Amino acid sequence: MTALEQQPSLGERITLVELVDRVLNAGVVVSGDITLSVADVDLVYVSLRLLLASAGTLDRLYPERVGAG
Amino acid sequence: MIHLYAFTLGQRELPEIDGIGDAALEARTFGPVTAIVSEGDAATEPSEDAVRHGLVVEALLDCADSVLPVRFGQEFEDGDALAAAVAEKGDALQTALAELSGCVEIGVRVLREDDPAPAAATDGAAYMRALADRETALTGLHRALLGYARASVAAGPMRLRQDTGYLVRRDDVPDFARAVDAYIATHPDLTILCTGPWAPYSFAAAT
Numbered sequence: 001m002t003a004l005e006q007q008p009s010l011g012e013r014i015t016l017v018e019l020v021d022r023v024l025n026a027g028v029v030v031s032g033d034i035t036l037s038v039a040d041v042d043l044v045y046v047s048l049r050l051l052l053a054s055a056g057t058l059d060r061l062y063p064e065r066v067g068a069g
Numbered sequence: 001m002i003h004l005y006a007f008t009l010g011q012r013e014l015p016e017i018d019g020i021g022d023a024a025l026e027a028r029t030f031g032p033v034t035a036i037v038s039e040g041d042a043a044t045e046p047s048e049d050a051v052r053h054g055l056v057v058e059a060l061l062d063c064a065d066s067v068l069p070v071r072f073g074q075e076f077e078d079g080d081a082l083a084a085a086v087a088e089k090g091d092a093l094q095t096a097l098a099e100l101s102g103c104v105e106i107g108v109r110v111l112r113e114d115d116p117a118p119a120a121a122t123d124g125a126a127y128m129r130a131l132a133d134r135e136t137a138l139t140g141l142h143r144a145l146l147g148y149a150r151a152s153v154a155a156g157p158m159r160l161r162q163d164t165g166y167l168v169r170r171d172d173v174p175d176f177a178r179a180v181d182a183y184i185a186t187h188p189d190l191t192i193l194c195t196g197p198w199a200p201y202s203f204a205a206a207t
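Sequence order for the protein chains is A and B. Going by the numbering used here, the letters in the first sequence line up with residues 1 to 69, in that order. Going by the numbering used here, the letters in the second sequence line up with residues 1 to 207, in that order.
Since the hints were made in silico from the structure, they are not lab data. The reader is advised that the hints may include incorrect statements.
With beta-carbon atoms standing in for the labels, derived distance ranges [to be verified]:
#1 A:Val29 to B:Asp80: 17 to 27 Å
#2 B:Arg28 to A:Val29: 36 to 46 Å
#3 B:Gly40 to A:Val29: 18 to 28 Å
#4 A:Leu43 to B:Asp189: 13 to 23 Å
#5 B:Asp175 to A:Ala39: 35 to 45 Å
#6 B:Thr29 to A:Ser31: 33 to 43 Å
#7 A:Leu43 to B:His187: 32 to 42 Å
#8 A:Ser31 to B:Arg129: 17 to 27 Å
#9 A:Val29 to B:Arg170: 18 to 28 Å
#10 A:Ala39 to B:Thr139: 30 to 40 Å
#11 A:Ala39 to B:Glu88: 20 to 30 Å
#12 A:Ala39 to B:Asp181: 39 to 49 Å
#13 A:Ser31 to B:Ala185: 17 to 27 Å
#14 A:Ala39 to B:Asp62: 17 to 27 Å
Predicted, not measured: the structure shown is a model, and the values here were computed from it. In this text, a Cβ means the ideal position worked out from N, Cα and C, and glycines have one as well.
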């Protein structure tokens, strides 16, 4: 969106966090082996912060699709 | 293990992106509903897998009429286990997909500020008035945006912070975005973060 385009770096980071927030906390749950416990989810957030700190990792994981959101 | 990303209706081609662990995406049909999966062990970091899961779901938005995102972390031993889980849902998946057809989710967060009330609030009454003003502004934003949305889901306390997902028809997204921009322009005191369009995650949880 407009406000994000002015600061692409910040915008990309926010978009990534928003994406992971949805992936972990929303979406339909079907029965199956849930591979993540609550503690694991916290770990994902921690390692996501590390991920955000690594520009190289970000480039690799970051197709233009989400950045354009 | 089979990792499940989303259910879709009207699935056309598969997106070009690979799944978790760079495994190829596969479409498995269950009657009118398609399940998007990949097979293999999740070898990379959970955070990378979670991001990849999200990127796959977002890419599906361009390849199907309707996308019902699945929460990250759901895996199945084999095709039979997946089929059993899908069968357990009955018609609920198809019904939800039909309702979400042609729609995306827009997230609007009004960020909490360190000081919830203006510095001018010198006594209790002024503080309460400032809180009430804030609440009126947030309610106004919500009401304005609902005019362009089919539904909304709120998370978090409404008083100081608003975190809302709006279900918006694709055609209405530009109008919705303009309404947000107009509100931001007239309310410089509020920090408003608008993101999307996303797959409709917040409207899938109850399925």
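Going through the hints against the structure:
no. : hint                            : result
1   : A:Val29 to B:Asp80: 17 to 27 Å  : holds, 19 Å
2   : B:Arg28 to A:Val29: 36 to 46 Å  : violated, 18 Å
3   : B:Gly40 to A:Val29: 18 to 28 Å  : holds, 22 Å
4   : A:Leu43 to B:Asp189: 13 to 23 Å : violated, 37 Å
5   : B:Asp175 to A:Ala39: 35 to 45 Å : holds, 43 Å
6   : B:Thr29 to A:Ser31: 33 to 43 Å  : violated, 20 Å
7   : A:Leu43 to B:His187: 32 to 42 Å : holds, 37 Å
8   : A:Ser31 to B:Arg129: 17 to 27 Å : violated, 50 Å
9   : A:Val29 to B:Arg170: 18 to 28 Å : holds, 26 Å
10  : A:Ala39 to B:Thr139: 30 to 40 Å : holds, 37 Å
11  : A:Ala39 to B:Glu88: 20 to 30 Å  : holds, 27 Å
12  : A:Ala39 to B:Asp181: 39 to 49 Å : holds, 40 Å
13  : A:Ser31 to B:Ala185: 17 to 27 Å : violated, 47 Å
14  : A:Ala39 to B:Asp62: 17 to 27 Å  : violated, 35 Å
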